[in-house]
Structure formats: structure tokens, C-alpha cells
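Asker: Input sequences plus hints: build the corresponding full structure.
One line per chain: the protein sequences are Z and U, in this order. Start counting the first sequence at 1; every next residue gets the next number (the numbering used here). Start counting the second sequence at 1001; every next residue gets the next number (the numbering used here).
Simulated from the structure, these hints should not be mistaken for laboratory data. We put the CB at the ideal spot given by N, CA and C, even for glycine. A portion of the hints provided could be inaccurate.
As the list claims (entries may be wrong) - Reference listing, derived: stretches of chain U covered by chain Z, where coverage requires no fewer than 3 residues with Cβ under 8 angstroms from a Cβ of chain Z:
id, region
1, 1039-1053
2, 1097-1106
Said to hold, decoys possible - Take a look, some chain U residues computed to stay more than 12 angstroms from chain Z by CB distance:
id, residue
3, Val1019
4, Lys1022
5, Glu1032
6, Asp1081
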Amino acid sequence: KAGVTQTPRYLIKTRGQQVTLSCSPISGHRSVSWYQQTPGQGLQFLFEYFSETQRNKGNFPGRFSGRQFSNSRSEMNVSTLELGDSALYLCASSLDLVFAGYTFGSGTRLTVV
Amino acid sequence: AQRVTQPEKLLSVFKGAPVELKCNYSYSGSPELFWYVQYSRQRLQLLLRHISRESIKGFTADLNKGETSFHLKKPFAQEEDSAMYYCAYYNQGGKLIFGQGTELSVKP
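Answerer: Next up, the structure:
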């Protein structure tokens, strides 16, 4: 069974640009969440989606947004990129019948120059 | 605020020595706690859930509500245990709150 797939694996963008990251959860998983991982701040929760609805949001500016499609695939978008947005962005999915822990993807490494 | 604290950034032990990675949480009620592990160049993966009371790869973790702790233990460390370990607390609504992580280094 395929795991959580994130595309692309690596991205280099310029300050001020916008970027869209994609996540395909494990088949049958309906909850998808996003995390930002940096050496200084560690793993920070961005948002979580379930059945196309955002259920929870972390403390990130409005430049960070996301959505989930009817097939549970999810995208996150960052507009007006800043140097501090450089990070590993992780997507995770779960069944969410009874939360048993997330399965994480390998992440997208975003570098803003 | 809900918080997960892992006081040690780095823990270095010799092979065969006991290991304890500390985790404390600040939350009242019935927490759902997890340990995740990230081996070099691999994705973050679930190691243990407190609710299942299981032992994975020789690791165990006991929830101590009185001390609000969920320390991860292994009696005899192996070199392949070297990795980053994250303690996490599950907040209803799909949010995992992670500690800062502890890097475990097991020396031969």
C-alpha cells in the first residue's frame, strides 16, 4: 500500500513568489495535516483538513493556506514568500476514526532565496 | 498553553547502556501521547502510542499523569537506535504538538 506522497521533493523559489505543495494521503485516509520543520522551531503545526474542511489551524500568517479535495488529496499554498519560509514541509494522514497517529510523507524541501 | 518539553537536545550513550529520553507535557485531562522517530534521511515515523502500551524495537514508554511525563526507555541501546526522537501530544481536531526533539547517539 502506497504511503503518503508529497510533490515536489525540492523547490527553490525567490522572495515574493508563491508556491503550491501537493500531498496524496494513504488510500482511505481522510485526515490530512501539514507541518513545517525547521532547525530552530522544530515541528510546527500548520493546519489539518478532514473531508475537505479545515478543522484546525496553527499560528501562521494568512500567507499560508491549504485545501483538501474530494479524493482527500491536499495542497498547501504559500504566497509572498519570505526567506524565513525556507523549511521542510511535511504532510501527514490518518484514518481519523479513532486517532492512532499520523503517517508522514518525506516532505518538500522549500528554499527561498 | 499546551506544551511538550524534551529537556535534552542530545543524548549520547554507549551500545548496551540503558536509555531514557525524557518528555514532559503541560495539559490537564486525559492526554494522548506519542513518540515519533526520524532516522537519518528517512521520514518521520510513529514509534509508540501510549494508549496501546506496546513495546516497539525494545522501547517502552509509560505515562505518568502525576508527573505529567511520558519518558521513552530502552534497557540496552543499539547503534541502529541513533536517530531523532520526538514526543508528541495529540490535541483534538487533528493537531499534534511536538517537543523539540532529542537526538540519540549510540556509540560503539
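Asker: Work down the list of hints and note, for each, if the structure agrees.
Answerer: Hint-by-hint comparison with the structure:
Closer than 8 angstroms: that is the beta-carbon criterion, and the region 1039-1053 of chain U has 5 residues meeting it against chain Z, so the requirement of 3 holds. Figure legend: the region 1097-1106 of chain U, annotated as covered by chain Z; annotation consistent (5 residues with Cβ-Cβ distances under 8 angstroms, at least 3 required). Consistency note on valine 1019 (chain U): stated as away from chain Z, and its beta-carbon is indeed over 12 angstroms from all of that chain's, at 21 angstroms minimum. Distance check for lysine 1022 (chain U) against chain Z: the nearest CB is about 16 angstroms away, which clears 12 angstroms, and the non-interface claim stands.
Distance check for glutamate 1032 (chain U) against chain Z: the nearest CB is about 7 angstroms away, which does not clear 12 angstroms, and the non-interface claim fails. Aspartate 1081 (chain U), annotated as away from the interface, keeps every beta carbon of chain Z farther than 12 angstroms; the closest lies near 19 angstroms.
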